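There are 4 protein chains.
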Amino acid sequence: MSAPLNVTVWNEFRHERKNPAVAAIYPTGIHGAIAGFLAPDAGLRVRTATLDEPEHGLPAAVVAETDVLVWWGHTAHAEVADAVVERVRRRVLEGMGLIVLHSGHYSKIFKALMGTTCSLRWRESGDRERVWTVAPSHPIARGVGESFAIPVEEMYGEPFGIPEPEELVFVSWFSGGEVFRSGCAWRRGHGRVFYFQPGHETYPIYHQPEVQRVIANAVRWAAPTVRIPDNCPNPPPPEPPV
Amino acid sequence: MSAPLNVTVWNEFRHERKNPAVAAIYPTGIHGAIAGFLAPDAGLRVRTATLDEPEHGLPAAVVAETDVLVWWGHTAHAEVADAVVERVRRRVLEGMGLIVLHSGHYSKIFKALMGTTCSLRWRESGDRERVWTVAPSHPIARGVGESFAIPVEEMYGEPFGIPEPEELVFVSWFSGGEVFRSGCAWRRGHGRVFYFQPGHETYPIYHQPEVQRVIANAVRWAAPTVRIPDNCPNPPPPEPPV
Amino acid sequence: MSAPLNVTVWNEFRHERKNPAVAAIYPTGIHGAIAGFLAPDAGLRVRTATLDEPEHGLPAAVVAETDVLVWWGHTAHAEVADAVVERVRRRVLEGMGLIVLHSGHYSKIFKALMGTTCSLRWRESGDRERVWTVAPSHPIARGVGESFAIPVEEMYGEPFGIPEPEELVFVSWFSGGEVFRSGCAWRRGHGRVFYFQPGHETYPIYHQPEVQRVIANAVRWAAPTVRIPDNCPNPPPPEPPV
Amino acid sequence: MSAPLNVTVWNEFRHERKNPAVAAIYPTGIHGAIAGFLAPDAGLRVRTATLDEPEHGLPAAVVAETDVLVWWGHTAHAEVADAVVERVRRRVLEGMGLIVLHSGHYSKIFKALMGTTCSLRWRESGDRERVWTVAPSHPIARGVGESFAIPVEEMYGEPFGIPEPEELVFVSWFSGGEVFRSGCAWRRGHGRVFYFQPGHETYPIYHQPEVQRVIANAVRWAAPTVRIPDNCPNPPPPEPPV
Numbered sequence: 001m002s003a004p005l006n007v008t009v010w011n012e013f014r015h016e017r018k019n020p021a022v023a024a025i026y027p028t029g030i031h032g033a034i035a036g037f038l039a040p041d042a043g044l045r046v047r048t049a050t051l052d053e054p055e056h057g058l059p060a061a062v063v064a065e066t067d068v069l070v071w072w073g074h075t076a077h078a079e080v081a082d083a084v085v086e087r088v089r090r091r092v093l094e095g096m097g098l099i100v101l102h103s104g105h106y107s108k109i110f111k112a113l114m115g116t117t118c119s120l121r122w123r124e125s126g127d128r129e130r131v132w133t134v135a136p137s138h139p140i141a142r143g144v145g146e147s148f149a150i151p152v153e154e155m156y157g158e159p160f161g162i163p164e165p166e167e168l169v170f171v172s173w174f175s176g177g178e179v180f181r182s183g184c185a186w187r188r189g190h191g192r193v194f195y196f197q198p199g200h201e202t203y204p205i206y207h208q209p210e211v212q213r214v215i216a217n218a219v220r221w222a223a224p225t226v227r228i229p230d231n232c233p234n235p236p237p238p239e240p241p242v
Numbered sequence: 001m002s003a004p005l006n007v008t009v010w011n012e013f014r015h016e017r018k019n020p021a022v023a024a025i026y027p028t029g030i031h032g033a034i035a036g037f038l039a040p041d042a043g044l045r046v047r048t049a050t051l052d053e054p055e056h057g058l059p060a061a062v063v064a065e066t067d068v069l070v071w072w073g074h075t076a077h078a079e080v081a082d083a084v085v086e087r088v089r090r091r092v093l094e095g096m097g098l099i100v101l102h103s104g105h106y107s108k109i110f111k112a113l114m115g116t117t118c119s120l121r122w123r124e125s126g127d128r129e130r131v132w133t134v135a136p137s138h139p140i141a142r143g144v145g146e147s148f149a150i151p152v153e154e155m156y157g158e159p160f161g162i163p164e165p166e167e168l169v170f171v172s173w174f175s176g177g178e179v180f181r182s183g184c185a186w187r188r189g190h191g192r193v194f195y196f197q198p199g200h201e202t203y204p205i206y207h208q209p210e211v212q213r214v215i216a217n218a219v220r221w222a223a224p225t226v227r228i229p230d231n232c233p234n235p236p237p238p239e240p241p242v
Numbered sequence: 001m002s003a004p005l006n007v008t009v010w011n012e013f014r015h016e017r018k019n020p021a022v023a024a025i026y027p028t029g030i031h032g033a034i035a036g037f038l039a040p041d042a043g044l045r046v047r048t049a050t051l052d053e054p055e056h057g058l059p060a061a062v063v064a065e066t067d068v069l070v071w072w073g074h075t076a077h078a079e080v081a082d083a084v085v086e087r088v089r090r091r092v093l094e095g096m097g098l099i100v101l102h103s104g105h106y107s108k109i110f111k112a113l114m115g116t117t118c119s120l121r122w123r124e125s126g127d128r129e130r131v132w133t134v135a136p137s138h139p140i141a142r143g144v145g146e147s148f149a150i151p152v153e154e155m156y157g158e159p160f161g162i163p164e165p166e167e168l169v170f171v172s173w174f175s176g177g178e179v180f181r182s183g184c185a186w187r188r189g190h191g192r193v194f195y196f197q198p199g200h201e202t203y204p205i206y207h208q209p210e211v212q213r214v215i216a217n218a219v220r221w222a223a224p225t226v227r228i229p230d231n232c233p234n235p236p237p238p239e240p241p242v
Numbered sequence: 001m002s003a004p005l006n007v008t009v010w011n012e013f014r015h016e017r018k019n020p021a022v023a024a025i026y027p028t029g030i031h032g033a034i035a036g037f038l039a040p041d042a043g044l045r046v047r048t049a050t051l052d053e054p055e056h057g058l059p060a061a062v063v064a065e066t067d068v069l070v071w072w073g074h075t076a077h078a079e080v081a082d083a084v085v086e087r088v089r090r091r092v093l094e095g096m097g098l099i100v101l102h103s104g105h106y107s108k109i110f111k112a113l114m115g116t117t118c119s120l121r122w123r124e125s126g127d128r129e130r131v132w133t134v135a136p137s138h139p140i141a142r143g144v145g146e147s148f149a150i151p152v153e154e155m156y157g158e159p160f161g162i163p164e165p166e167e168l169v170f171v172s173w174f175s176g177g178e179v180f181r182s183g184c185a186w187r188r189g190h191g192r193v194f195y196f197q198p199g200h201e202t203y204p205i206y207h208q209p210e211v212q213r214v215i216a217n218a219v220r221w222a223a224p225t226v227r228i229p230d231n232c233p234n235p236p237p238p239e240p241p242v
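Chains as they are written, first to last, in this note's numbering: chain A, 1 to 242; chain B, 1 to 242; chain C, 1 to 242; chain D, 1 to 242.
Keep in mind that a hint or two might mislead.
For chains that are exact copies, the list does not tell them apart, and a pair is met inside one copy or across any two.
Straight-line C-alpha distance at most 20 angstroms; calculated DMTMM-like pairs for lysine to aspartate or glutamate [to be verified]:
| hint | residue 1 | residue 2 |
| --- | --- | --- |
| 1 | Lys18 | Glu166 |
| 2 | Lys108 | Glu239 |
| 3 | Lys18 | Asp230 |
| 4 | Lys108 | Glu167 |
| 5 | Lys108 | Glu79 |
| 6 | Lys108 | Glu124 |
| 7 | Lys108 | Asp82 |
| 8 | Lys18 | Glu79 |
| 9 | Lys18 | Asp52 |
| 10 | Lys18 | Glu65 |
| 11 | Lys108 | Glu86 |
| 12 | Lys18 | Glu146 |
| 13 | Lys18 | Glu239 |
| 14 | Lys18 | Glu86 |
| 15 | Lys18 | Asp41 |
| 16 | Lys18 | Glu210 |
Bear in mind the hints are in silico, worked out from the structure with no lab data behind them.
From a predicted model like this one, the values you see are computed outputs, not experimental measurements.
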């Protein structure tokens with residue numbers, strides 16, 4: 001039996017407290033919804049953290065013991081303290097997994113790890129989305145099927161300002177005519193990063209089984225295999241000099 | 001002034017001779033249409049070759065002096081002689097560029113260079129296609145714009161059985177609900193390979209300016225920088241033994 | 001408890017029967033040595049297959065039930081029947097893992113999956129090799145350490161005629177002055193392919209614990225997650241036409 | 001005739017002013033040496049910039065008109081103002097090329113674009129280095145040959161904390177037993193980034209023809225094809241809603 005995986009679900013948690021329509025969909029917050037569907041997996045030990053907690057709920061001890069961090073943010077990316085972003089970034093590079101959801105494409109942590117703009121095309125016009133599995137044998141696609149529809153979603157379209165994904169898992173179709181690389185995986189340092197596009201706050205997308213399945217798969221896929229702190233060693237030669 | 005680039009446009013040239021509807025769209029053949037829009041570029045020396053010529057129009061001398069080969073085939077992939085396929089493959093690995101169009105995804109040469117099934121989802125239902133530029137700064141996308149529509153096209157959809165593209169340039173949307181990685185680039189040996197999806201024989205797609213622009217850009221992008229025959233050298237050590 | 005993984009270790013098995021020096025190092029053949037160090041893992045069900053058995057020990061039933069195939073060949077690549085190569089290639093594309101060792105770089109199956117020359121620089125001069133872990137968090141590097149030495153090995157050097165590895169795990173140093181990408185990983189279709197350079201027949205390299213560790217890790221890493229036969233579907237549109 | 005390329009060679013320029021031994025090797029500074037060997041190319045318009053100039057010689061107007069920026073820094077990375085780093089980063093993402101040399105691996109700009117630690121193994125022990133061309137057909141390797149030696153160099157060894165290079169062009173061998181991915185290329189946004197390891201300040205490495213050739217090739221390769229400012233558009237649907 002291996003030890004359970006420590007998963008921390010982070011949410012900005014502002015929409016839910018200001019907008020009753022959002023609160024109606026996510027009464028315990030988006031973090032509560034995500035933690036809720038992950039919780040039944042006995043191999044996971046799930047906690048949540050939110051922006052307005054001290055240190056955004058991510059003090060050094062929590063980050064240190066987190067194996068996989070799930071991130072949802074939207075209106076308050078700028079309020080996330082740079083020191084916390086740097087702490088999370090370092091931890092990813094040491095081996096922690098990071099799952100970035102939807103509007104988290106513009107979070108400081110995602111932009112810091114990608115190095116690019118992370119900009120995209122968008123429209124809140126109630127488009128229908130169809131998510132296609134491009135890599136059916138990728139662990140994150142397990143059990144997801146060839147494609148699935150999200151009845152109403154914010155449109156995110158190309159070009160998406162990211163480095164070329166190392167593994168492109170999902171590509172989405174929107175009824176207004178756009179496409180989007182909606183499931184993208186990278187290794188960064190010793191950690192794994194997965195970006196997954198579905199999940200606007202005003203739609204019940206995190207209650208949809210296929211979306212839950214992808215997130216649960218991604219958490220498992222991103223589980224660390226090592227913990228290697230950054231170092232820049234200055235060792236003697238391993239071979240006798242020529 | 002650099003020497004002109006030798007471009008050979010290869011076409012199966014069967015549909016045009018059997019089906020008057022195809023002949024009406026491409027009276028000089030698909031190869032004729034492609035050679036026709038490339039010809040005005042003074043930097044290119046364009047010739048054509050077709051399946052039913054001796055050695056499919058690709059004898060050793062032609063392949064040896066070709067810098068970039070454009071390939072269109074559909075119903076007669078199996079009739080292309082293995083020896084010619086191997087000759088072309090070797091030449092690509094030495095540095096020749098290869099542009100594979102539409103149903104060429106199932107050509108022997110493309111499958112041999114990719115190593116995978118190259119299978120895809122398809123449907124002849126007159127879908128509307130919208131081609132999105134995912135990599136606006138890629139040389140193949142120069143002047144193409146954010147997206148363009150193809151009014152009627154055969155649907156090609158994911159999953160597409162290819163190795164992860166090294167550079168994903170275009171992704172397409174189809175009105176029936178599918179998406180497709182419609183512009184994909186790889187280096188193979190010392191040559192460059194570009195697959196471009198548009199171009200069914202029963203639609204006038206190679207008369208469309210955006211499609212012509214992409215193919216012309218791809219020919220330039222795939223121009224060889226070297227010619228390095230395969231070798232497996234057995235040299236003495238460059239450094240004094242330890 | 002998950003079902004054990006079916007591992008087939010394939011060996012050309014010619015050197016050992018012709019050359020007493022090789023037989024002294026590998027009395028049960030290279031396949032016997034590899035199967036021997038994998039066997040203690042209760043999660044693996046290991047069998048062997050060799051060139052001179054009927055269908056090279058790889059009839060359809062064996063290939064169908066193999067999860068991971070390990071491949072060692074050298075002098076008789078040309079004797080491997082094309083039909084068997086094609087059978088193995090199809091199975092990899094469906095999801096089977098393939099571990100190609102040392103001189104297997106020139107096997108038909110590796111060349112067919114890569115699409116390139118797979119040529120390299122080489123020298124039998126008793127070089128010392130040092131294998132460096134470039135990706136310490138890759139599952140194949142687990143427990144291997146920063147680097148390890150192979151006291152005497154055939155030199156394999158760059159350029160190596162392969163597609164850019166998707167994950168470069170090891171790079172080797174040779175005392176004569178060369179370097180080599182000695183551990184390279186790719187996904188091909190639904191299968192995973194790993195090439196690992198160490199292992200000349202006249203040196204006891206497969207008795208070295210670090211080499212055994214890498215091969216055992218690679219077998220685990222290459223375990224299939226799916227089995228998806230090739231198909232090229234022609235489905236109706238998933239979305240109502242626009 | 002295309003317009004000349006605007007190249008800015010940036011140097012920290014501290015070692016040369018403090019250490020007479022460095023000044024003896026590079027009397028006009030490392031920037032002066034690099035600008036000097038690039039200058040004869042009539043297609044380049046070369047200027048230099050250094051840390052202690054106002055805004056480090058990189059005011060907005062200079063960055064805006066620079067096509068390719070070459071970067072050398074070592075002891076004073078921390079003194080480079082964050083605002084200037086961000087200005088350069090934005091410009092790279094818009095299309096400017098960036099060539100990062102040697103100890104620049106730890107510069108703020110390289111780390112910001114990579115998102116990773118950029119740490120490595122190192123030793124100042126006068127190792128001999130041999131640089132191997134892994135991708136002989138890459139434009140940056142043009143005319144460089146199979147390998148070349150640098151008689152005395154600081155050792156840089158793996159693991160190198162970078163994202164997987166999109167194109168690995170050079171790998172180096174060091175006499176003490178290490179290897180290093182010494183020439184690595186990435187696209188970031190619309191710009192191209194190349195890291196090249198040779199060039200310690202106390203060795204006359206930038207006077208060596210092969211090294212000059214690589215840097216000149218890299219400048220040409222990194223020339224922008226576009227200039228696309230960051231944007232995150234909110235357009236109407238291109239297709240009529242379903």
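Right, here's what the structure says about each hint:
Proximity of Lys18 to Glu166 under the C-alpha cut-off of 20 angstroms is found in neither arrangement, the shortest distances being 38 angstroms within a copy and 44 angstroms between copies. Within a single copy, Lys108 and Glu239 get their C-alpha atoms no closer than 43 angstroms, and across copies no closer than 33 angstroms, so neither meets the 20 angstroms cut-off. Proximity of Lys18 and Asp230 under a CA criterion of 20 angstroms is satisfied in neither setting, with 41 angstroms inside one chain copy and 31 angstroms between copies. Taking CA atoms no more than 20 angstroms apart as the test, Lys108 paired with Glu167 passes in neither setting, with 22 angstroms inside one copy and 26 angstroms between copies.
In this assembly of identical chains, the alpha carbons of Lys108 and Glu79 lie at most 20 angstroms apart only when taken from the same copy (10 angstroms versus 23 angstroms across copies). In this assembly of identical chains, Lys108 and Glu124 lie within 20 angstroms of each other by CA distance neither inside one copy nor across copies; the values are 23 angstroms within and 37 angstroms between. In this assembly of identical chains, the alpha carbons of Lys108 and Asp82 lie at most 20 angstroms apart whether taken from the same copy (8 angstroms) or from different copies (16 angstroms). With identical chains, the CA atoms of Lys18 and Glu79 are at most 20 angstroms apart within one copy only, with a shortest distance of 17 angstroms there and 43 angstroms across copies.
In this assembly of identical chains, Lys18 and Asp52 lie within 20 angstroms of each other by CA distance solely inside one copy; the values are 14 angstroms within and 49 angstroms between copies. Within a single copy, Lys18 and Glu65 get their C-alpha atoms no closer than 31 angstroms, and across copies no closer than 46 angstroms, so neither meets the 20 angstroms cut-off. In this assembly of identical chains, the alpha carbons of Lys108 and Glu86 lie at most 20 angstroms apart whether taken from the same copy (9 angstroms) or from different copies (14 angstroms). Neither within a single protomer nor between protomers do Lys18 and Glu146 lie at most 20 angstroms apart by alpha-carbon distance, with minima of 37 angstroms and 37 angstroms respectively.
In this homomeric assembly, Lys18 and Glu239 never come within 20 angstroms of each other (Cα to Cα): the closest approach is 64 angstroms inside a single copy and 34 angstroms across copies. Taking CA atoms no more than 20 angstroms apart as the test, Lys18 paired with Glu86 passes in neither setting, with 29 angstroms inside one copy and 34 angstroms between copies. Taking the closest pair of Cα atoms, Lys18 and Asp41 never come within 20 angstroms of each other, the shortest separation being 31 angstroms inside a single copy and 56 angstroms across copies. With identical chains, the CA atoms of Lys18 and Glu210 are never at most 20 angstroms apart, being 28 angstroms at best within one copy and 47 angstroms at best between copies.
When held up to the earlier numbered hints, the structure conflicts with 1, 2, 3, 4, 6, 10, 12, 13, 14, 15 and 16 and fits the remainder.
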